[in-house]
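Note that the protein sequences, when read in sequence, are chains A and B.
So the first sequence is numbered by the numbering used here: it starts at 149 and just counts up by one.
So the second sequence is numbered by the numbering used here: it starts at 13 and just counts up by one.
What the hints contain is simulated information worked out from the structure, not anything from laboratory work.
As the structure is a prediction and not an experimental result, all values here were calculated from the model.
We put the beta carbon where it would ideally sit given N, CA and C, even for glycine.
There could be a bad hint or two in this list.
If you want the footprint, here are the derived chain B segments under chain A, 3+ residues with CB under 8 Å [unchecked claim]:
(1) 45 to 54
(2) 100 to 109
(3) 129 to 137
(4) 208 to 222
(5) 245 to 257
(6) 317 to 331
(7) 340 to 347
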Amino acid sequence: MRCAWLMAFALALPAAVAAAEARPVYPAPAGDSRALHEAAAGASCADCHPADAGRERARGASLRFSHRLHADVPGGCTACHALAAGLRPPAMAPGFGACAPCHAELVTRRRCEACHPARADGRLALEAASGPLRPRGGHTGEEHHAGWTRAHGPSARARAAECAVCHARAACDGCHRGVLRPMRTHPGDWALAHAAEARFSAERCAACHRAQSDCLRCHRQAGLGGLAPARDLRVHPAGFGVAHAGEARRNLRACAACHPEGDCVRCHGGSGIGLGLSPHPPGFRGRCALLRARNPRPCLKCHRAERLEVLCP
Amino acid sequence: MELRLGLLGLGYQTRTATGELLDRRRVTQLAELRVSELFSVGGLGLELALRFDTDLGLTRAPEAGEVLALELRAAALSWRAPGLELAFGRQLWLDELGFLALDGLRAELALECGLSARLSAGLQVRERTWLGEGLLELDGVEGDETPVPTLGAGLGYRWREVAVGVDYRRAVLWTDGWPLWEERVSGHLSVRLLERSVGFDAAGVFDLAQDRWERAWAQAGWRLPWAPEAGLRLGAAGLMARPLFAGDSIFNFFSPEAFWEARASLGASPPALGLSLAAAYQRRLYASGGAVDGLGLDCRWLVAPLRLGVAFDFEDGAAGRRWLLMPSLAWRGLEERLELEARLLVMQGRDPLAEQLSALTLGGSAGVGWRLGEVPRLLLTLELNGNRVSPLQTRALVVLDLGLAVGQGGTRF
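Construct all of the structure, not just a fragment, from the sequences and the given hints.
Right under this line is the structure:
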């Protein structure tokens, strides 16, 4: 049975690879034009393409391009269609590199909609008759490869203006807050399985989830956490009260997901409160006056105003 | 003009502390409207986005209750001219200082010489404001209704493939004494060289209210020139970060540790094969000296009509030891209308606090979709999952996405 599955997979694989290679690109190539052009060496372009020089649109492509307006380019057709320059067959149509030298301003200002079909607000249309439009040739993921969905974060922050050429600002919000995205990002059953991942990589979760709303809302509804010791064991193991310091220093955001500030102050309220443990790091007294001057409200959650005058003059 | 209406229904089950299985249902309605050339005035535009969430299902905490939320995500008038964009109303954007939802005015000016300037002023959208929402507010304190007037400004310069910029934001609370809520400044540099085959990005954010660096990061990437059909990429990155809480939170006065991360990665993505391979090694250092080493492997292969994926993560160090493996296999047929997926998740963790933290789940799903372009589409998905706690769990998703677009060939700012 296993052999049959393997054989079926082996037979299907070449066809699948061929289908992937033949998927439409932008602009869509047609035929082995290199071989055709080599066979017609020495002939005039107009012999085979009598009407192309006057076309308003590039043939087979979805670009806003007028051959008629480019008819007088020095060098003629081969200035752009550099047949001898080794363009890979079958795509002998000039690419971005052929346009950029003359249209440097459009490139510099990211005016991609000058050539590419655009929507009413100027963003590029991503679905064209010749296939989907995807950037190619960038570094560190700007090329939208198969793993791009998971890898786009740093590039999106560093080159947001480039994203805006195709994507509306609401597009970030639509995915990062959507209900469709978690179905793809997280495997099924994640609601039960996420505990181990969240325990180790809370920062990763925080990239999308706001702890005090996303975590707390769900945990409350499911009755997890709370004051009952039996329930606490579902979140914290026995002995956690003594051992929690390192965990809190390593990732205080994870604690803040469930615990309001009052929980910490119950013990860490300083002299005379709880266990009398100060929550402040060493050296805090040196800069507390500055922080108090900027916003005394957090200080007043624990300290009386007259006491603050003494502690942070 | 673009109009988009979405209706999403999600149903799933979750296990409570007492072992009871709760049924949950969520209905989300989305409405988006984008108009260019409003009232036939060139450059005048309107963006409107609403989201309505309804959570239905049993709860074990009376205070949690059912969730009914209406969010006004965007409602802004804009005016665009060559080199200038003005927007007034509720708007959202992303920069080095983070996401910001603002009710107010934002202006962007871009000059021919490459200089650009940004200015924003208004009230931050907070959790308990009218039609507000809470995701964008920093963690740490219960939300309240105190308005937060915010002023932001930025300068940028772009020359060929080099971009630099600096941004500043100051926010105060609209109450006695105008206490400072947030004051940060950031700078960033982005460079692309050798026909964009080499890139370098770096940024830093300094918290003026706390008088310390909040985070700084740098990344460099190189698309290797050898074997271009293989799409080889080499990357390196470094990060310093410190937990950040809302301006009123006493958590800021505790001693959360900053951490440093260094990462090296190697990836390949031959476009002809639809294959993406990536491997990364990461080391994280905490101020106390603890360290965590991590290794990640990710493989995605689009071999129409199949989609194969394997992800593996391993971490070991101050936070304990953890590994996670997620293989998946999906098939899309009938012109991508029918999708079947099978996947497996295995993870195990061990740390000083929890000797055994493990999960083994097996899930599969089947979905049918009708897609006539980017929109409209109808998607029906049914998942079946199982693990040792809940042998059979289901999750169902229905999406009805309707869109209408009128007009084309517009000019972008």
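| task | Check, residue by residue, whether the region 317 to 331 of chain B contains three or more positions whose beta-carbon lies closer than 8 Å to a beta-carbon of chain A, and give the verdict. | result | holds (count 5)
- Message: Using C-beta distances, would you say chain A covers the region 100 to 109 of chain B, given that this needs three or more residues below 8 Å?
- Response: n = 6 at 8 Å, threshold three: holds.
| said: Taking beta carbons only, do three or more residues of the region 129 to 137 of chain B come closer than 8 Å to chain A? | reply: violated (count 0)
| request: Quick one: see if chain A covers the region 45 to 54 of chain B, three-plus residues with Cβ-Cβ under 8 Å. | output: Holds, because 3 residues of the region 45 to 54 of chain B bring their Cβ atoms closer than 8 Å to Cβ atoms of chain A.
Next on the checklist: Can you tell me if the region 245 to 257 of chain B counts as covered by chain A, using C-beta to C-beta distances under 8 Å and a minimum of three residues?
Outcome noted: With 6 residues in contact (Cβ-Cβ under 8 Å with chain A), the coverage given for the region 245 to 257 of chain B holds.
- Query: Three or more residues of the region 340 to 347 of chain B near chain A by CB distance under 8 Å?
  - Reply: Our answer is that it is violated, as 1 residues pass the Cβ test (under 8 Å) against chain A, missing three.
Tell me if chain A covers the region 208 to 222 of chain B under the three-residue, 8 Å CB rule, please? holds (count 8)
Of the hints listed earlier, those the structure fails to meet are numbers 3, 7, in rising order.
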